[in-house]
Amino acid sequence: MQKIILSVLFGAPLISLLLMNLLTDPNDLILDDSSYDKHAMAKPHDSWKNMVGMGENNYIWKKSKKPKLAYKRKATTKNFKNAQLPSKKRKIIDIHEHVASENDALRLLKIMDELNIKQTVLMGTSIYTITLDQKYGFEKFKENNELIISLANKYPKRFIAFPTIKPDEANNLNLLKNYIKNGASGFKLYLGHGASTGKEDFHSFALDHPSMLPIYKWAEQQQVPIMLHTNLTKFYTEFLSVMESFPLLRITIPHFGLYKKTKDRLNRLDWLLNRYPNLYTDISFGFYTFHIDAFEKFANWPSRYKSFLNKNASKILFSADLVITPIIHDSYIKETITSYMKILELKYFRFFLRPKYLMRGLKLDKECLNQIYSNTAVDFLKF
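Numbering of the sequence shown is given in the numbering used here, commencing with residue 2 and proceeding in unit increments.
Everything labelled a hint here was simulated from the structure, so no lab data went into it. Note that beta-carbon positions come from the ideal geometry of N, C-alpha and C, so glycine has one too. Possibly wrong hints are sitting among the right ones.
Claimed, not checked - Taking CB as the label site, the calculated pair distances span: (1) Lys119 - Glu147: 37 to 47 Å; (2) Lys364 - Thr132: 15 to 25 Å; (3) Gln222 - Lys364: 16 to 26 Å; (4) Lys364 - Glu245: 14 to 24 Å; (5) Asn172 - Asp134: 42 to 52 Å; (6) Lys364 - Lys264: 18 to 28 Å; (7) Leu214 - Asn179: 41 to 51 Å; (8) Glu245 - Ser315: 17 to 27 Å; (9) Pro157 - Gln224: 12 to 22 Å.
Unchecked claim - Here are the simulated DSBU-like pairs of lysine-lysine, each with C-alpha atoms no more than 30 Å apart in a straight line: (10) Lys348 - Lys307; (11) Lys73 - Lys312; (12) Lys167 - Lys155.
Whole structure, please, built from the sequences with the hints as guidance.
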């Protein structure tokens with residue numbers, strides 16, 4: 002039997018939260034994440050490198066102390082037959098995807114039909130995110146905003162538009178109001194994003210910067226849904242300041258707010274979701290290296306994540322966070338979205354980015370699945 006060689010990076014442990022459910026002061030939940038290692042990542046399976054337009058990179062991941070095995074190494078034909086596609090009976094709302102053109106949106110629409118995805122929310126996207134070309138900054142997003150709004154108007158039963166803004170530009174509130182008037186249903190903010198473009202950080206200033214307060218006030222009053230791409234490991238205090246000032250904001254923070262990696266962080270996210278009535282998160286992990294890392298975390302600690310999802314199903318949204326461009330194959334789009342269904346629905350499944358062995362799934366019950374697949378999105382989007 003071949004051994005899987007893993008690179009392990011040991012970091013300092015995070016101080017445990019005490020009596021989490023008894024805390025009433027949100028500032029008591031501010032922890033020091035400075036000693037934590039960066040996101041653990043693993044190399045993709047060779048056969049999929051060209052599908053995402055990426056080559057070899059060196060990545061690391063931090064091993065849990067006593068995890069369950071993420072993979073079932075003795076994968077028999079019987080096991081594989083038991084790990085087929087999830088049920089197609091459910092209607093799904095996908096809350097978080099990106100497209101570069103109308104043609105890419107039509108490719109996505111075809112796959113939506115194949116996977117019984119009723120609607121997809123398209124996010125406003127800069128040219129940097131579409132190309133990952135270092136010569137670009139956060140620019141040409143207005144062209145993409147117009148694209149997704151036109152798609153929402155042309156296919157109103159299938160696409161929903163969440164345009165974006167550059168926070169440090171003037172007149173953003175009027176711009177957002179016009180987007181809503183012209184067919185958008187919400188908006189996305191990249192403030193709180195921990196990465197950078199080729200020219201600047203996504204996080205150009207604090208989440209609670211005075212220039213953002215009129216936008217939050219308007220969005221709270223009108224109950225306009227927001228996707229706020231916030232890295233809670235870096236900007237928790239700023240995020241908390243916003244939520245304490247505008248506690249009824251209708252906000253989703255994607256990717257578990259990057260709080261999936263430890264039990265303490267997951268507990269803190271649980272506390273946030275329960276404190277703020279209109280706060281949500283989604284199950285997407287985006288870029289394939291993060292996708293692999295997150296799925297291995299789920300598979301290593303299935304009871305932990307199953308418990309979290311069951312408890313918070315009314316705050317969890319379904320998505321994959323794909324950036325669909327001409328170089329992304331249809332098969333990669335379909336396999337990516339399907340993999341999220343599989344890890345939620347099945348006990349074991351064949352993960353296309355790690356296909357050698359069967360991966361452990363969460364096998365959520367029907368009620369929880371229906372909530373995550375569509376009911377939560379209906380609440381968030383105010384249908």
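Hint check results:
| no. | hint | in the structure |
| --- | --- | --- |
| 1 | Lys119 - Glu147: 37 to 47 Å | violated, 24 Å |
| 2 | Lys364 - Thr132: 15 to 25 Å | violated, 38 Å |
| 3 | Gln222 - Lys364: 16 to 26 Å | violated, 41 Å |
| 4 | Lys364 - Glu245: 14 to 24 Å | violated, 37 Å |
| 5 | Asn172 - Asp134: 42 to 52 Å | violated, 28 Å |
| 6 | Lys364 - Lys264: 18 to 28 Å | holds, 21 Å |
| 7 | Leu214 - Asn179: 41 to 51 Å | violated, 20 Å |
| 8 | Glu245 - Ser315: 17 to 27 Å | holds, 22 Å |
| 9 | Pro157 - Gln224: 12 to 22 Å | holds, 20 Å |
| 10 | Lys348 - Lys307 | holds, 12 Å |
| 11 | Lys73 - Lys312 | holds, 27 Å |
| 12 | Lys167 - Lys155 | holds, 26 Å |
Comparing the model with each numbered hint stated earlier shows that hints 1, 2, 3, 4, 5, 7 do not hold.
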